[in-house]
Amino acid sequence: MTNNHTSVDELGENHIATNAKNPLRNDAFELSDDKKIELIKKDVENILNTLGMDLTDDSLKGTPNRVAKMFVKEIFGGLNPNKKPNSSTFKNNYKYGEMLVEKNITLYSTCEHHLLPIVGRAHVAYISNGTVVGLSKMNRIVDYFAKRPQVQERLTMQIVQELQKVLNTDDVACVIDAKHLCVNSRGIRDIDSSTITSEFGGKFKEENTRNEFLNYIRLETKF
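Taken in order, the sequence shown gives residues 100 to 322; the numbers are from the numbering used here.
No lab work stands behind these hints, which were simulated from the structure alone. Check the hints yourself; a few may be wrong.
Claimed, not checked - Quick list of the computed label-pair ranges, beta carbon to beta carbon:
no.: 1; residue 1: D157; residue 2: K183; range: 53 to 59 Å
no.: 2; residue 1: P122; residue 2: D153; range: 31 to 37 Å
no.: 3; residue 1: N164; residue 2: N307; range: 51 to 57 Å
no.: 4; residue 1: K172; residue 2: N118; range: 39 to 45 Å
no.: 5; residue 1: L138; residue 2: G229; range: 46 to 52 Å
no.: 6; residue 1: R124; residue 2: D157; range: 23 to 29 Å
no.: 7; residue 1: Y315; residue 2: S292; range: 32 to 38 Å
no.: 8; residue 1: N191; residue 2: L215; range: 39 to 45 Å
no.: 9; residue 1: N228; residue 2: T162; range: 47 to 53 Å
no.: 10; residue 1: N118; residue 2: S235; range: 28 to 34 Å
no.: 11; residue 1: N118; residue 2: G286; range: 21 to 27 Å
no.: 12; residue 1: N228; residue 2: Y315; range: 15 to 21 Å
no.: 13; residue 1: N191; residue 2: K141; range: 47 to 53 Å
no.: 14; residue 1: S284; residue 2: K172; range: 21 to 27 Å
Said to hold, decoys possible - Cut-off 30 Å, straight-line C-alpha distance, at most; resulting in silico cross-link-like pairs (BS3-like, lysine-lysine):
no.: 15; residue 1: K246; residue 2: K202
no.: 16; residue 1: K302; residue 2: K168
no.: 17; residue 1: K246; residue 2: K172
no.: 18; residue 1: K302; residue 2: K278
no.: 19; residue 1: K194; residue 2: K302
Glycine included, every Cβ here is placed at the ideal spot set by N, Cα and C.
Construct all of the structure, not just a fragment, from the sequences and the given hints.
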């Protein structure tokens with residue numbers, strides 16, 4: 100048992116994903132949001148009580164409810180498929196056939212190993228095969244998949260796969276440059292390091308197209 104716990108801890112410390120999809124149980128959405136908030140509120144109260152915090156203090160008495168609502172309604176809201184953005188597409192009537200790049204999309208996610216923030220930028224591109232998608236929808240897709248316990252590699256893949264489905268083309272790419280507070284604020288506590296992940300589909304696997312995209316974004320990410 101000790102060895103198993105050790106290996107699980109090592110996996111989490113090394114930020115290794117075990118699945119390309121978020122690991123959800125089959126009954127994940129049987130409870131209503133209100134019921135989830137009620138249960139999580141009690142769990143947060145237990146954590147704070149265990150830590151010795153005085154929950155009768157005016158500053159703390161509302162914390163369990165605030166945290167529970169934040170988990171369900173905000174930072175983990177992307178787990179709920181009902182909140183998936185409606186990504187309407189349009190005919191490419193102006194016959195634009197070059198690369199479209201949306202760079203520096205602000206990204207807030209949560210590391211699934213320590214439940215600490217991931218903060219960074221996503222850079223997304225596609226080449227139309229006859230349809231286009233509204234620019235804001237690209238931001239919303241990034242935000243939707245970011246709002247769940249995540250690992251950055253999986254998030255990068257999910258963004259590309261969703262846009263490939265929406266646009267009916269393989270020619271989609273995504274690069275994410277982000278800081279992980281589980282690395283920056285605890286553990287090794289390296290405040291300067293960031294993590295870069297990429298996923299290239301279709302024409303973006305070709306060196307010239309991929310380099311054109313990377314040249315556009317230049318990874319001048321600022322946090």
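Hints breached by this structure: Of the numbered hints given earlier, those the structure breaks are 1, 4, 6, 7 and 16, listed in rising order.
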